[in-house]
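As you go down the protein sequences, you meet chains Y and X in turn.
Under the numbering used here, think of the first position of the first sequence as 203, with each following residue one higher.
Under the numbering used here, think of the first position of the second sequence as 203, with each following residue one higher.
Simulated from the structure, these hints should not be mistaken for laboratory data.
Note: identical chains are not told apart, hence a pair may lie in one copy or across any two.
Simulated crosslink set (DSS-like; lysine-lysine; CA at most 27 Å straight-line):
(1) 261 - 341
(2) 287 - 309
(3) 270 - 287
(4) 309 - 260
(5) 261 - 310
(6) 323 - 310
(7) 341 - 323
(8) 260 - 341
(9) 260 - 287
(10) 270 - 341
There are 2 protein chains.
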Amino acid sequence: MRWNELSEENCSMARTISVIGDRWTLLILRDCFLRVRRFEDFQERLGITRPILANRLKKLVDEFVLVKVPYQQRPRRYEYRLTQKGLALYPIVMAIVHWGDVYMAGKKGRPLVHTHDLCGKAFDPMMVCSECGEQLSPKQVHVRPGPSAKDPRHLPLETDLPGPRRLAKEKAAS
Amino acid sequence: MRWNELSEENCSMARTISVIGDRWTLLILRDCFLRVRRFEDFQERLGITRPILANRLKKLVDEFVLVKVPYQQRPRRYEYRLTQKGLALYPIVMAIVHWGDVYMAGKKGRPLVHTHDLCGKAFDPMMVCSECGEQLSPKQVHVRPGPSAKDPRHLPLETDLPGPRRLAKEKAAS
DNA sequence: CTCTATGGTTTGAATACTGAACCTGCTTGG
DNA sequence: CCAAGCAGGTTCAGTATTCAAACCATAGAG
Chain Y
203 MRWNELSEEN CSMARTISVI GDRWTLLILR DCFLRVRRFE DFQERLGITR PILANRLKKL
263 VDEFVLVKVP YQQRPRRYEY RLTQKGLALY PIVMAIVHWG DVYMAGKKGR PLVHTHDLCG
323 KAFDPMMVCS ECGEQLSPKQ VHVRPGPSAK DPRHLPLETD LPGPRRLAKE KAAS
Chain X
203 MRWNELSEEN CSMARTISVI GDRWTLLILR DCFLRVRRFE DFQERLGITR PILANRLKKL
263 VDEFVLVKVP YQQRPRRYEY RLTQKGLALY PIVMAIVHWG DVYMAGKKGR PLVHTHDLCG
323 KAFDPMMVCS ECGEQLSPKQ VHVRPGPSAK DPRHLPLETD LPGPRRLAKE KAAS
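Using the sequences and the accompanying hints, generate a full structural model.
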């Protein structure tokens, strides 16, 4: 499967991955949330090569995750800013950072601590159910086909049904 | 920056990306949460080539995200299962799926709907503060160096301070 | 008229991925 | 006994991506 095919899969995860599912893009987004906005700054901070940076920024702009905003005329220069669609990636970024804090930090502890303005405390991000507010765990979530469901292979997060192969085997066995 | 250097950065996001920050790995993880466990099944469902699949599974096992469990002797065959560390990737997976549901779904709506066992309702995942339970937004989160902080370039998610370059400019201007 | 700043593009060499075929260990059927 | 099949890989040649370094374009400053 190639990148362009990925974006056409009827799976939200595959489609998201077609936009942000590459090493450099994720690092660029980290810096965007850090208020980095200019080509030269991304380049220096990330140690990314210039052609790749140009390519990834263009893709993100094409996908409406970033916008190019001119910040001066003559010579015309642009900076890259997160759109609403881009800002909505925040939970993904926070989830990635948090997993790294918990599972990839060295003995000395995490590189940084987050504090929440509303309560003033150091916190961890937590994923909860929008309806009841309880913390989500993979075993307590089931999935059913949505309005555009088609290919049953791509129903992710099914937790109680055996996978397709095991089903077939069990059928054969009985 | 190469993959191996990535994992040595003192940034939780970079370290996480060194483990899961590639297209195929993310798709493999999607299928893991779907209870897919065998080489042949991954290969067929994902349309990934066999050498790459073998390579990615090995990496995930080396990182303790998956374990190889024998499910039969003679011939010895293994399946791949999520470890605790792997299961903890659930919020990342859910955040990615949800963003795709909201921003990448076609006109016909999302491919699937999640229901939560505890409350029985269809829900969306929501990221909240572990301390006060309020929904997190990038503007309300600040960051300070943690126990192992070193390189100020990699403090992500700083929202009120201008980036390093703008700081330098303003200093020069004043 | 040259130097610097910013935001790129071009170019070969190195690296990674793809597709197809092949290998291993074992079971099953004839 | 031999052939075929299954599961889980590995090998190999060709193609696509990425890297590093250099170059280009626009414009202001000295």
